[in-house]
Amino acid sequence: MSKKAKIETVDNVTIRFAGDSGDGMQLSGGRFTQTSAIMGNDLSTLPDFPAEIRAPAGSLAGVSSFQIHFSSQEIHTPGENPDVLVAMNPAALKVHLKDLTPGGTLIINKNAFTTKNLKLAGYESDPTEDGSLEDYYSAHFIEMSKLVTLACEGIDLAPKLIDRTKNLCALGVLFWIYDRPLEPTIEWLNKKFKSKPDIVDANVKALHAGYNYGDTAEIFTTRYVVNKAKLPAGKYRNINGTLATCLGLLTAVEKSNLSLTFAGYPITPASNILHTLANWKRFGVKTYQAEDEIAGIGAALGASYGGSLGVTASSGPGIALKGEFLGLAIITELPLVVINVQRGGPSTGLPTKTEQSDLFQAVYGRNGEAPMPVIAASTPGDCYYTAYEACRIAVKYMTPVMMLSDGYLVNGSEPWIIPNPDDLEDFDAEFVKENLTDEQYLPYKRNEETLARGWAIPGTKGLEHRIGGIEKQDVTGNVNYDSDNHEKMVQIRAQKVANIANELPPTEVFGEKEGDLLILSWGSTHGTCKSATESLLSENLKVAHVSIRWISPLPNDLKDILSNYKNVLMPEINTGQFRQIVRAEFLVDAIGLNEVQGKPLGASTIVAKAKEIINER
Amino acid sequence: MSDKPLLKKADFQSDQAIRWCPGCGDYAILAQTQKTFPQITEDKENTVFVSGIGCSSRFPYYMNTYGFHTIHGRAPTIASGLKMANPDLSVWLVTGDGDGLSIGGNHMIHLLRRNFDINIMLFNNRIYGLTKGQYSPTSEQGKVTYSTPMGSLDYPFKPTKLALGAEASFVAKTIDKELKHLQAMILRANEHKGTSFIEIYQNCNIFNDGAFAKLTDRDTKEEQLLRLEHGEPLIFGTEKDKGIYLDGTTPKVVKIGHEYSIDDIVVHDEEDRFIGDMLANFTESEEFPEPVGVLYCKERPTYDSLMSAQMDESQKGSKSSKGLNELLNAGDTWEVK
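Taken in sequence, the protein lines are chains D and V.
If you count by my numbering, then the first sequence holds residues 1 to 617, one letter each, in order.
If you count by my numbering, then the second sequence holds residues 1 to 337, one letter each, in order.
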């Protein structure tokens with residue numbers, strides 16, 4: 001360690017890496033995350049990238065960023081305003097500087113501040129030269145391109161390839177400031193570029209160059225230590241929502257002795273689910289890239305009809321196309337899991353940004369009386385349990401289930417206690433084996449408790465029967481247009497979904513069991529709301545937080561919980577969709593906190609709003 | 001087949017009342033299918049009929065096998081998923097010119113190029129029946145219907161040509177009134193490994209009566225129909241005295257006897273894509289006879305067999321029961337005490 005820098009211990013740090021799409025910011029962020037995880041910090045991350053794959057280099061549209069919030073305490077959000085901003089070019093500085101905490105640390109790749117890049121970013125004068133930054137921030141202008149070129153002298157690689165290692169140089173600087181080891185990254189580089197020793201060599205040298213720069217340049221006056229967080233005991237790994245979702249699906253089919261057939265059509269930000277599962281053929285997972293969204297759900301439903309568990313995933317625009325098939329799955333009462341990784345809408349909207357605005361679409365977005373269970377994941381790691389639960393309910397109740405996720409959840413990551421699948425409830429899928437009567441098989445005969453019909457799959461002797469989208473006669477499943485029968489079937493389908501509420505565990509209330517304010521959330525705003533609640537509780541305010549997992553059906557105990565508080569605040573990344581449902585369902589005058597900016601809510605906004613409500617009413 | 005008792009036609013008839021209009025061509029197609037199936041399978045539980053929406057798509061309700069009446073145009077997607085889940089099933093897809101070529105056109109072409117081992121029966125009556133008489137994508141241009149009082153502007157598809165363009169591995173055409181021929185085509189489709197496409201001309205006696213009259217009237221049909229037999233010359237006519245002659249790459253109808261002998265006539269080769277394309281072009285042509293039979297048939301690996309091979313390949317040397325824990329514990333892990 002350098003003798004000159006003083007050491008300071010801090011609890012929480014938020015770093016944002018920002019640069020051009022090609023600057024490797026996701027990689028720098030990812031490695032910092034992994035290293036911090038191994039060091040035992042709690043953390044939460046938020047990648048943010050442009051919709052364009054290759055926006056013009058140096059342009060504002062091409063800026064990509066990765067934010068990590070790490071801490072010696074338990075945290076639930078990727079942080080709001082960063083304490084440190086790494087800006088690899090003028091465009092990145094332009095886009096992100098406004099978020100940097102006043103007095104925060106700014107680390108800039110000086111070599112990218114060329115006349116051309118400054119012009120592309122819309123700077124009239126060079127902010128690294130005109131003194132505009134130093135007064136407000138602890139600004140460090142590092143010639144990263146030059147550093148890596150010097151460090152990599154003698155390596156037989158094109159200058160362009162050497163220049164690309166500057167993201168490792170930036171990472172090295174950060175590792176020095178926060179006293180993190182380089183070894184995990186070096187090991188990772190060795191594995192990743194196994195067959196390209198020159199690339200490994202250059203990247204390792206760039207990493208060291210950055211670290212040593214911090215150590216010797218004497219420009220940083222302080223180094224920071226973020227101690228281990230006191231996390232629950234267990235074996236941990238870092239996980240993002242995509243992988244957690246896929247692992248949840250795989251766990252569900254292993255526990256139920258089913259096979260998994262995933263059919264989907266590429267769409268941001270859901271495609272990675274298809275990519276991940278496509279690599280799991282060795283576990284019996286079949287994947288299918290369909291010709292369109294409709295074919296994706298159709299093939300998944302066809303697979304379920306054939307006795308496999310059909311799963312499809314998409315985002316809002318794709319879910320819109322799948323709507324008619326959801327109706328068919330509902331009336332034919334076949335298991336199916338549909339994952340909606342929500343993004344900004346309407347239409348193409350903001351494909352790479354997060355939003356919670358497909359709630360109405362999930363709950364109501366079909367023709368006819370078409371009730372369907374809807375479950376929402378609350379954190380990246382929770383996607384595992386949510387996907388598992390979606391599968392279990394789909395099979396147990398013979399129904400399609402919509403799982404709501406979002407761009408933040410699938411791309412964000414957090415440390416995660418590796419689950420033991422044995423701790424999860426088994427749900428053996430049972431196919432109808434034989435027709436015990438001499439009569440025609442009765443495909444719509446139901447389990448009395450769940451109201452689920454039997455899963456009778458083609459290939460089973462004696463169960464030959466026909467299903468379809470025309471209204472079914474109760475029990476026989478024959479085509480039937482009778483008005484009383486139709487009404488009865490509408491009610492049965494609704495009751496079947498409502499019955500799921502009877503097996504839900506008691507709703508968890510975090511904080512005061514009664515009091516002035518309940519913060520009620522669903523989905524990915526969980527973390528922000530929990531952080532806000534922790535902060536409010538620390539000020540001895542009578543508040544609590546409830547995070548809703550099942551949107552449809554809602555938990556049976558929610559009504560009583562709501563009645564224990566004077567006010568209900570519902571933060572959502574939409575204009576108040578869940579609030580409308582809660583108001584309609586429980587006649588509660590819930591107050592909204594709604595932002596639709598394509599990014600997670602900030603805990604401080606919620607804290608401020610909560611105080612305003614408590615003081616006013 | 002084993003020594004199990006053979007099933008009979010009645011075994012394939014469901015207990016549901018048939019709701020097509022009296023006189024509809026669909027009755028004949030259903031009857032021939034039920035009659036043929038005892039030759040196709042002795043385990044009717046392994047047969048699934050999948051359909052979309054339209055008059056033809058009611059078909060599964062009347063077959064006493066497994067059946068799935070899905071949504072408009074989407075039967076190919078269900079059939080594909082079903083075949084992936086259980087490649088051992090015999091999957092039949094029943095569709096129409098509206099269901100299969102209009103709203104479901106995209107799924108149709110992709111099913112054909114993928115070549116799942118699925119048999120398609122496309123009932124072409126050149127009209128929308130269930131929605132009561134609008135023109136379809138196979139209706140002739142200028143068709144006056146409820147939606148086109150001054151005549152339709154759309155230029156029609158030739159379904160067999162579309163199927164070949166979509167890389168179908170089996171393309172055949174038959175007619176509802178050609179009972180024996182219809183049976184033969186069903187049997188051929190069943191034998192073919194890959195997606196089999198049978199276009200069946202079917203008369204809608206309510207909204208488009210007589211659309212195929214010249215192909216079905218006893219007096220005219222032999223002059224109009226070119227009955228395809230693999231390895232046989234392409235001859236037609238009541239006297240079997242006309243044939244297809246190739247002038248370079250241009251087909252011509254010639255009279256056999258004087259200038260041209262039977263040896264000058266093109267011999268049908270089901271595996272010859274050039275001949276298949278040529279025959280598909282004869283559809284609804286003033287100049288050429290209407291080909292019925294197998295236009296093209298050439299096997300190539302099916303999607304389901306390729307998928308099974310990949311699944312087998314991926315599972316070599318690994319045991320799936322250990323897989324989940326391996327995946328859960330992959331990457332960097334650490335203990336918190």
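Since the hints were made in silico from the structure, they are not lab data.
Misleading hints may appear alongside valid ones.
[What the hints assert, rightly or not] Covered stretches of chain D (in silico footprint by chain V; criterion: 3 or more residues with CB under 8 Å from a CB of chain V, positions within the stretch not fixed):
1) 315-328
2) 408-422
3) 516-526
Backbone N, C-alpha and C define an ideal beta-carbon position, used for all residues, glycine too.
Return the numbers of the hints above that this structure violates; sort them in rising order. 3
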